[in-house]
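Visitor: Given next are the chains, with one letter for each unit.
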Amino acid sequence: NAGVMQNPRHLVRRRGQEARLRCSPMKGHSHVYWYRQLPEEGLKFMVYLQKENIIDESGMPKERFSAEFPKEGPSILRIQQVVRGDSAAYFCASDRRGRGETQYFGPGTRLLVL
Amino acid sequence: GQQVMQIPQYQHVQEGEDFTTYCNSSTTLSNIQWYKQRPGGHPVFLIQLVKSGEVKKQKRLTFQFGEAKKNSSLHITATQTTDVGTYFCAVSSSNTGKLIFGQGTTLQVKP
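Those protein sequence lines, which keep their order, are chains Y and W.
Residues 1 to 114 in the working numbering are what the first sequence lists, from first letter to last.
Residues 115 to 225 in the working numbering are what the second sequence lists, from first letter to last.
To be clear, the hints were calculated from the coordinates, so they are not data collected in a lab.
Mixed in with the good hints there might be a few duds.
In silico SDA-like pairs for lysine to any residue, Cα to Cα no more than 25 Å straight-line [to be verified]:
id: 1; chain 1: Y; residue 1: Lys27; chain 2: W; residue 2: Leu160
id: 2; chain 1: W; residue 1: Lys171; chain 2: W; residue 2: Thr210
id: 3; chain 1: Y; residue 1: Lys27; chain 2: W; residue 2: Val158
id: 4; chain 1: W; residue 1: Lys184; chain 2: Y; residue 2: Thr102
id: 5; chain 1: W; residue 1: Lys150; chain 2: Y; residue 2: Lys62
id: 6; chain 1: Y; residue 1: Lys44; chain 2: W; residue 2: Thr141
id: 7; chain 1: W; residue 1: Lys171; chain 2: Y; residue 2: Tyr104
id: 8; chain 1: Y; residue 1: Lys44; chain 2: W; residue 2: Phe159
id: 9; chain 1: Y; residue 1: Lys62; chain 2: W; residue 2: Gln217
id: 10; chain 1: W; residue 1: Lys184; chain 2: Y; residue 2: Glu101
Produce the complete structure using the sequences and hints provided.
Guide: So, in structure tokens, the structure goes:
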């Protein structure tokens with residue numbers, strides 16, 4: 001019963017380095033969502049992807065952040081030149097068809113920028 | 115854009131007491147979902163409400179969707195230490211599937 005998988009679970013980076021976060025959706029799910037949770041705060045939507053398509057990136061910061069969901073392999077959230085303010089938990093969620101379906105969340109990647 | 119306000123932000127109760135968290139919107143909602151996040155964990159889906167005035171129960175948890183579909187509540191009867199965590203309401207965008215979360219209510223239960 002493979003749920004949503006994310007790796008790494010914890011990631012430590014120094015300022016200026018790159019962070020790559022991976023997400024494999026639940027089996028049978030083709031819609032992936034990324035959310036960010038800053039310490040002691042709620043979850044904020046970042047980006048919604050289907051295979052090879054970005055559907056909604058309205059929550060993505062304009063610079064340094066990018067996401068992809070290739071035909072083969074996991075979805076990747078990439079943060080270039082990380083800064084301390086990027087320290088957060090990044091959660092990936094997936095569902096079958098989008099638009100009001102139940103989303104299932106992965107365990108998250110806790111990113112710490114030193 | 116669509117927003118949901120959730121109160122209270124924190125609630126400390128004695129084990130056995132009841133607990134309620136409220137979610138409010140200025141606009142009519144198509145649906146509302148509730149999630150629970152344990153400390154250090156990830157959001158876990160609890161329930162989705164879609165009908166005006168809908169009430170659903172899961173053991174000691176009661177979920178309500180207002181008649182005007184602008185508010186919702188989660189009530190826990192006789193809290194237990196296993197209820198500790200943060201409870202979020204969330205609304206699914208009508209255009210895409212993205213979830214818009216409330217700020218969450220963090221529940222602490224004293225044994």
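Visitor: Honestly, which of those hints from before does the structure not fit?
Guide: 2 and 5
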